[in-house]
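Asks: Hey, can you work out the whole structure from these sequences and the hints?
Here the protein sequences line up with chains A and B, keeping their order. 1 is the number of the first residue of the first sequence in the working numbering; add one for each residue after it. 1 is the number of the first residue of the second sequence in the working numbering; add one for each residue after it.
Bear in mind the hints are in silico, worked out from the structure with no lab data behind them. A couple of the hints might just be wrong.
When the alpha-carbon atoms are kept at most 25 angstroms apart in a straight line, the in silico SDA-like pairs for lysine to any residue are as follows [what the hints assert, rightly or not]:
| no. | chain 1 | residue 1 | chain 2 | residue 2 |
| --- | --- | --- | --- | --- |
| 1 | A | Lys259 | A | Pro238 |
| 2 | A | Lys109 | B | Ser5 |
| 3 | A | Lys109 | B | Asp104 |
| 4 | A | Lys259 | A | Gln298 |
| 5 | B | Lys159 | A | Ala149 |
| 6 | A | Lys231 | A | Thr241 |
| 7 | A | Lys117 | A | Met55 |
| 8 | A | Lys117 | B | Ser5 |
| 9 | A | Lys266 | A | Val236 |
| 10 | B | Lys159 | A | Ser142 |
| 11 | A | Lys109 | B | Gly61 |
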Amino acid sequence: MSLRERLASGSFAVTAEIAPPRGAGTEKITRTAESLRDWVDAVNVTDNQGANVRMASWAGSLAVLAAGLDPIMQMTCRDRNRIALQSDLLGASALGVRNILVMTGDHPKFGDHPGAKPVFDVDSVQLLWTLRSMRDQHVLLSGRTVNPAPDCFLGAVENPFAPPFEFRAERLGKKVDAGAQFVQTQYVFDVAAFGRWLEQVRDLGLHERCSILAGVGAVRSMRALDYMRDKVPGVVVPDDTYRRMQAVPADQTAAEGVKLAAEIIKQVAEIPGVAGVHLLVAGNEQAVPEILANAGIQATRGHEDGR
Amino acid sequence: MPAASPVPVHPRLGVRVAYRLQQVLRPGPGYRWLSARIEASGPVRALFTGAEHEVKSGLFGCRMCGQCALPVTGYVCPMGCPKELRNGPCGGVGEDGSCEVYPDRRCVWVDAYERAASQGRVADLRLLHRPVDHRRFGESSWLNYWQGRDEGLWTDDPKMSPGASTEASTGASPGASTEASTGASPGASPGASTEASTGAKS
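Replies: Dropping the structure here:
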């Protein structure tokens, strides 16, 4: 069952993410995709995440597809202009990549090539809008026709925890207007704050036009948590979460992180309007089965359609 | 005109004054006539454009994109966003409302939201902005505004095409000739020595 089918069926969706390698081989990404196949509906293939050079997300997506898992190709606006982005969508769609996740992208300043030219020729709303027009109206941004039109399922991201808080649901509304059919959120640690955002989302009726997947991460170590809190833009780690993680001995941090993630999954699953979860585990993909098992979600995904 | 790197700028013009000026400067036959006269002469147009740059860079940190969004962004320039986002903030805004790239400055969209909200203009922020036309950098947006050339910059109708105002005007013709005319020639050396450092602060 593809992500699109899963969300259409109304049953709880699970996605995760895979970081392509800093190298010219697909062995590891293939292995990881195979290990996740029974547990998740689809995996994000990141696009040079954190502005660090990795294998292209389209190439990683093809490797995931070949391993029998539905890829979600991430597309950022950081590195490519409107010509390259439209061209990449045509290529990916032609080769069977269906899910496209559109995001602004981290600024080059935060990556391994801080001197790179930040492109940002279009923003995430404009890119969604463009891709939707290519699919539905069969036209490029230039007005030229596309034949055959791409077949894609469009996703967006949103951060419910960043200012201006009052505008975050509206911002998602713009993305939905522009074409977003599903959205994955930034790390949810503060479930109450997430619930407040979702209330605004429901007030705007967005959950009926767009499937909402709550972002859930597993804390591996205090160092990772510190990094997430202090260095990753837009991640909010509440003090009580931090203290809870700090209170356990270092050799049990990872286990506590898995427990915390499972608890958050159970809590967000109860909130009306949540269609599933997105596990933010790039680099720590092996934690997925444990997290899901702890949350009471079984490894049945691969078997429903005899895959 | 080479575009300097975008840096968030807090406007030096109060939001109420800005909206009052909006009423005064609204396009009409008078301004259409005046702007046509200004455009008719190269030197006058250049002088006028220079004056606009002077005024707006002082007040808003204007970078002369020629496609002014100020009337619908609480008079905070979105082109000062390091990602030049015209449709709202990215997800990296600090808890205190700071820009992720320039932590000592406020996110332009946090400013824009506050200023628009204070005047009951939040609906403006919901408009969908089309991609910027990079050929128009350096043009006078006042002349474009009075001449009605920027009417398609944004829309409240998501069914509209994203390319209606910018790319569509070029039709099917390839952009080769216009590409060369921007004059924003990058320096030859990209500063290779910094490439290796992975530190967040460059």
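Asks: With a cut-off of 25 angstroms on the C-alpha distance, tell me whether lysine 159 of chain B and alanine 149 of chain A pass.
Replies: Judged against 25 angstroms, a Cα distance of about 18 angstroms means the pair holds.
Asks: Need the status of pair lysine 117 of chain A, serine 5 of chain B: alpha-carbon distance at most 25 angstroms?
Replies: holds, 10 angstroms
Asks: Has the given pair, lysine 259 of chain A with proline 238 of chain A, been kept, meaning a C-alpha gap of at most 25 angstroms?
Replies: holds, 17 angstroms
Asks: Sort out whether threonine 241 of chain A lies within 25 angstroms of lysine 231 of chain A, counting only the CA atoms.
Replies: Cα-Cα ~17 angstroms, so holds.
Asks: Under the criterion that the straight-line Cα-Cα distance not exceed 25 angstroms, is the pair lysine 109 of chain A, glycine 61 of chain B satisfied?
Replies: holds, 22 angstroms
Asks: Would the hint linking lysine 266 of chain A and valine 236 of chain A be met if the CA-CA limit is 25 angstroms?
Replies: holds, 20 angstroms
Asks: Quickly compare the C-alpha distance for lysine 159 of chain B and serine 142 of chain A to 25 angstroms and report which way the hint goes.
Replies: holds, 16 angstroms
Asks: Holds or violated: lysine 117 of chain A with methionine 55 of chain A, Cα cutoff 25 angstroms?
Replies: holds, 19 angstroms
Asks: Are lysine 109 of chain A and aspartate 104 of chain B close enough, with their CA atoms no more than 25 angstroms apart?
Replies: At roughly 15 angstroms apart (the allowed maximum being 25 angstroms), aspartate 104 of chain B and lysine 109 of chain A satisfy the hint.
Asks: Please verify whether lysine 259 of chain A and glutamine 298 of chain A have alpha carbons no more than 25 angstroms apart.
Replies: holds, 16 angstroms
Asks: Is lysine 109 of chain A within 25 angstroms of serine 5 of chain B, Cα to Cα?
Replies: Measuring from Cα to Cα gives roughly 13 angstroms; hence the hint holds.
When each numbered hint is compared with the structure, no violation occurs for any of them.
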